[in-house]
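Chains as they are written, first to last, in my numbering: chain U, 1 to 114; chain V, 1 to 115.
Don't take every hint at face value.
[Stated by the list, open to error] Over the 10 Å line for every Cβ pair with chain V, so calculated as not near, a few chain U residues:
{"hint": "1", "residue": "Y36"}
{"hint": "2", "residue": "N41"}
{"hint": "3", "residue": "A54"}
{"hint": "4", "residue": "K68"}
{"hint": "5", "residue": "K101"}
{"hint": "6", "residue": "L102"}
{"hint": "7", "residue": "G107"}
{"hint": "8", "residue": "I113"}
{"hint": "9", "residue": "P114"}
[Said to hold, decoys possible] Part of the chain V face toward chain U, derived, beta carbon under 8 Å:
{"hint": "10", "residue": "S33"}
{"hint": "11", "residue": "G56"}
{"hint": "12", "residue": "L90"}
{"hint": "13", "residue": "P108"}
Simulated from the structure, these hints should not be mistaken for lab results. Every residue gets a Cβ at the ideal spot worked out from N, C-alpha and C, and that includes glycine.
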Amino acid sequence: AQSVTQLGSHVSVSEGALVLLRCNYSSSVPPYLFWYVQYPNQGLQLLLKYTSAATLVKGINGFEAEFKKSETSFHLTKPSAHMSDAAEYFCAVSDNFGNEKLTFGTGTRLTIIP
Amino acid sequence: ETGVTQSPTHLIKTRGQQVTLRCSSQSGHNTVSWYQQALGQGPQFIFQYYREEENGRGNFPPRFSGLQFPNYSSELNVNALELDDSALYLCASRLDAGGGTDTQYFGPGTRLTVL
Chain U
1 AQSVTQLGSH VSVSEGALVL LRCNYSSSVP PYLFWYVQYP NQGLQLLLKY TSAATLVKGI
61 NGFEAEFKKS ETSFHLTKPS AHMSDAAEYF CAVSDNFGNE KLTFGTGTRL TIIP
Chain V
1 ETGVTQSPTH LIKTRGQQVT LRCSSQSGHN TVSWYQQALG QGPQFIFQYY REEENGRGNF
61 PPRFSGLQFP NYSSELNVNA LELDDSALYL CASRLDAGGG TDTQYFGPGT RLTVL
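Required output: the full structure, derived from the provided sequences and hints.
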């Protein structure tokens, strides 16, 4: 079975500072990995996904994530936080068939300090 | 705007009742998945439909059932509602069932409250 663990249920960063949200995965096969963002009272929006094409994945809104097999990690970063980045972020994994039957982490709430 | 819509937005039911939630996918999207997101949790995969056939199921009991229609709409039915069924229910659609580079798009969800 596959799973993801998000370290830190709440993260606060100052506006303009680096954003780092951590995700570690467990999978017996090469995984497909995803980061989603959820704004209050809304559905999920895909930020980026890893499908084994490149280890550094660039997404929308200036976010990127690096797949590190040796560390079983897929951390999400953004060089400079913006107030509009305040939201809930979910890491997810699916099997290597790419059918996107996703297993989500418990989420990290990102707060931006003005 | 993902092109995936869900209805109703909010719903209140009592324990033991039955409920039907609806999802309208983007035209041409043959695959729809349903997720349950309890308050403060990540979404959990309920099941997936591909071309009107169930194509995988998560750890949910049979009282959770679904239908997918040729017009790219789908339903999630829950019988004998329990208090723990209170959650945000999300549907997500994509073009195909597996592989490729197409993206899965989520709807805004239906908030179900069971009293």
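Do the hints match the structure? See the list:
1. A beta-carbon of chain V comes within 10 Å of the beta-carbon of Y36(U); the shortest separation is about 8 Å.
2. Its closest Cβ contact with chain V, about 8 Å, brings N41(U) to no more than 10 Å, contrary to its assignment away from the interface.
3. Against chain V, the non-interface label of A54(U) holds: every CB pair exceeds 10 Å, the least being about 13 Å.
4. Annotated as non-interface, K68(U) keeps its C-beta farther than 10 Å from every C-beta of chain V; the closest such distance is 22 Å.
5. The beta carbon of K101(U) sits about 5 Å from the closest Cβ of chain V, which is not more than 10 Å, so the claim that it is off the interface is violated.
6. With a cut of 10 Å on Cβ distances, L102(U) falls inside the contact zone with chain V, its closest approach being about 6 Å.
7. Non-interface call for G107(U) relative to chain V: violated, since the shortest CB-CB distance, roughly 5 Å, does not exceed 10 Å.
8. Non-interface call for I113(U) relative to chain V: holds, since the shortest CB-CB distance, roughly 22 Å, exceeds 10 Å.
9. Distance to chain V confirms P114(U) as a non-interface residue, since its nearest Cβ pair spans about 25 Å, more than 10 Å.
10. Hint status for S33(V): holds, given a least beta-carbon distance of 7 Å to chain U, under 8 Å.
11. The restraint placing G56(V) at the interface with chain U holds, with a minimum CB-CB distance near 5 Å, inside the 8 Å limit.
12. Taken as an interface hint, L90(V) checks out: its beta carbon lies about 6 Å from the nearest beta carbon of chain U, inside 8 Å.
13. For P108(V), the shortest C-beta to C-beta distance to chain U is roughly 4 Å, which falls under 8 Å, so the interface hint holds.
Violated hints for the displayed structure, listed by number in ascending order: 1, 2, 5, 6 and 7.
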